[in-house]
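S.K.: Next come the chains, spelled out residue by residue.
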Amino acid sequence: MNKRKPKTQATRLTTEEKAFELELEIMLRSTGHLFPITPEQVAAFQKLGLDEEVPDDCKDPLADLIKKRNEEK
Amino acid sequence: MSNQIDLKSLPIAQLFSLMTNNEEFTGTSLRAYYEFQARYEKVLWNACKSVCKKDNFHKIIGLEKDVYRISMQEIYLKSNSFEESLGKVSKELQDQLLIGWFSRIAEVEKEKLTVEKRKFEKFNLVVPDYHDHLEELKIYQTDTDDFLQAEKKKDRKEELYRRRKEIYDKVWVKLKPRERDILLEYFSIKGGRKYLSEDRIAYLCAKWKITLDNLLQIKRRAFQKLESFCEDEQKKTENAGDPLNN
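Protein chains in written order, with this note's numbering: chain L, 1 to 73; chain W, 1001 to 1246.
A few of these clues could be false.
Here are the simulated DSSO-like pairs of lysine-lysine, each with C-alpha atoms no more than 27 Å apart in a straight line [stated by the list, open to error]: (1) Lys47(L) <-> Lys1138(W); (2) Lys1054(W) <-> Lys47(L); (3) Lys18(L) <-> Lys1225(W); (4) Lys59(L) <-> Lys1225(W); (5) Lys1236(W) <-> Lys1042(W); (6) Lys1008(W) <-> Lys59(L); (7) Lys1065(W) <-> Lys47(L); (8) Lys1138(W) <-> Lys18(L); (9) Lys47(L) <-> Lys1170(W); (10) Lys1176(W) <-> Lys1138(W); (11) Lys1165(W) <-> Lys68(L); (12) Lys1165(W) <-> Lys18(L); (13) Lys47(L) <-> Lys1207(W); (14) Lys1053(W) <-> Lys1207(W); (15) Lys68(L) <-> Lys1065(W); (16) Lys1112(W) <-> Lys68(L); (17) Lys1207(W) <-> Lys59(L); (18) Lys1042(W) <-> Lys1053(W); (19) Lys1236(W) <-> Lys18(L); (20) Lys47(L) <-> Lys1091(W); (21) Lys1091(W) <-> Lys59(L); (22) Lys1235(W) <-> Lys1112(W); (23) Lys18(L) <-> Lys1054(W); (24) Lys1236(W) <-> Lys1207(W); (25) Lys67(L) <-> Lys1042(W); (26) Lys1219(W) <-> Lys1053(W).
Simulated from the structure, these hints should not be mistaken for laboratory data.
Could you put together the complete structure from these sequences and hints?
M.R.: What follows is the structure, given as structure tokens:
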């Protein structure tokens, strides 16, 4: 039976790698690959100037919820 | 009388207060919600669309619409958690905090929908309320000075940042889809957590039919590739005589 332990060394990052990792996450969250979380990321995301209108079938997200609640009553 | 209130002139905190302090799904509560929606729907929708469309490895149709709808519902259902907890902050910062909260909800919902639609094991992901969001934000962003001075950025720093972003955009697409997906998973729903949970590792291994060892190697290699791509791009910019690099 193979009792080899999974390697854990690969998860240890150097300081430079950690800094790069942090920068990468900030970039991904600032450019719309991931959702922006911090105020800085939100500000950067807003600067992308994405300006598409909400589609008609998303204009009333609460409608389904209200309908469901009414049915439960 | 609440029905005489001009909602358009109210700050966001009061809208949330009206959502919460009036009977759920009735007059004033709903009116307050729809005013909130009118103010923020565009930016929130565009965040959902961008994130769900880019790197959509599962090719789930309409994911961005579902994520948007459910996240807006969660905002309403969790409206009682909203608080002006940071004292006097600018309207702009308050907006950014609100969008950040929505984003964390949307990130969880996107994951839930993805897992559900791909029929992978479901995880017990907890949708953060506003308070959770702020708490995790403090962990996430440890430098409180930066946090409170979010609006203060120097022109030069901004310009360098913008160029760096362009470089990332350029090199990101050079990675293989599997590498991109693994890196995105690695950063998603991290909150205050530092490492991928066992569930998420199992999920990634199942999705890409790889072992744990492979996963770690792919992740590490992807980082190295990105770093090297970025360095190359940076050198190209410097060689082109960019004054900002001097």
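S.K.: Now, for every hint given, state plainly whether the structure supports it.
M.R.: Hints, one by one, checked against the model:
Restraint check for Lys47(L) and Lys1138(W): the C-alpha separation of about 24 Å stays at or below 27 Å, so the hint holds. Only pairs whose Cα atoms come within 27 Å are accepted, and Lys1054(W) paired with Lys47(L) is accepted, the gap being roughly 18 Å. For the suggested pair Lys18(L) and Lys1225(W), the alpha carbons sit about 15 Å apart, so the restraint of at most 27 Å is met. Only pairs whose Cα atoms come within 27 Å are accepted, and Lys59(L) paired with Lys1225(W) is rejected, the gap being roughly 42 Å.
About 37 Å separates the Cα atoms of Lys1236(W) and Lys1042(W), which puts this hinted pair outside 27 Å; it is violated. For the suggested pair Lys1008(W) and Lys59(L), the alpha carbons sit about 18 Å apart, so the restraint of at most 27 Å is met. Between Lys1065(W) and Lys47(L) the alpha-carbon distance is near 22 Å, which keeps this suggested pair within the 27 Å criterion. With a C-alpha separation of about 19 Å, the suggested pairing of Lys1138(W) with Lys18(L) holds against the 27 Å cut-off.
A hinted pair counts as satisfied when its Cα atoms are at most 27 Å apart, and Lys47(L) with Lys1170(W) qualifies at roughly 18 Å. Between Lys1176(W) and Lys1138(W) the CA atoms are separated by roughly 33 Å; this puts the pair beyond 27 Å, and the hint is violated. For the proposed pair Lys1165(W) and Lys68(L), the alpha carbon gap of about 43 Å is over 27 Å, so the pair is violated. Simply put, Lys1165(W) and Lys18(L) have alpha-carbon atoms about 18 Å apart, close enough for the 27 Å limit, and the pair holds.
With a C-alpha separation of about 34 Å, the suggested pairing of Lys47(L) with Lys1207(W) is violated against the 27 Å cut-off. Our distance criterion of 27 Å between C-alpha atoms is met by Lys1053(W) and Lys1207(W), whose separation comes to about 19 Å. About 19 Å separates the Cα atoms of Lys68(L) and Lys1065(W), which keeps this hinted pair within 27 Å; it holds. Under the criterion of a C-alpha separation no larger than 27 Å, the hint pairing Lys1112(W) with Lys68(L) is consistent with the structure, at around 20 Å.
Straight-line distance between C-alpha atoms of Lys1207(W) and Lys59(L) comes to about 34 Å, which puts the hinted pair past the 27 Å bound. Taking the CA atoms of Lys1042(W) and Lys1053(W), the gap is near 16 Å; set against the 27 Å cutoff, the hint holds. Annotation: proposed proximity of Lys1236(W) to Lys18(L) holds, straight-line Cα distance about 24 Å (limit 27 Å). Proximity of Lys47(L) to Lys1091(W) is assessed by CA-CA distance (about 17 Å); at most 27 Å being required, the pair is judged to hold.
Under the criterion of a C-alpha separation no larger than 27 Å, the hint pairing Lys1091(W) with Lys59(L) is consistent with the structure, at around 25 Å. Between the alpha carbons of Lys1235(W) and Lys1112(W) the distance comes to roughly 41 Å, so the proposed pair goes past 27 Å and is violated. Of the supplied pair hints, the one linking Lys18(L) and Lys1054(W) holds, its CA atoms being roughly 25 Å apart against a limit of 27 Å. For the given pair, Lys1236(W) sits about 37 Å from Lys1207(W) by alpha-carbon distance, which is inconsistent with the 27 Å threshold.
For the hint linking Lys67(L) to Lys1042(W), the alpha-carbon distance of about 24 Å falls within 27 Å, and the restraint holds. As the CA atoms of Lys1219(W) and Lys1053(W) are separated by approximately 22 Å, the hinted pair is consistent with the 27 Å bound.
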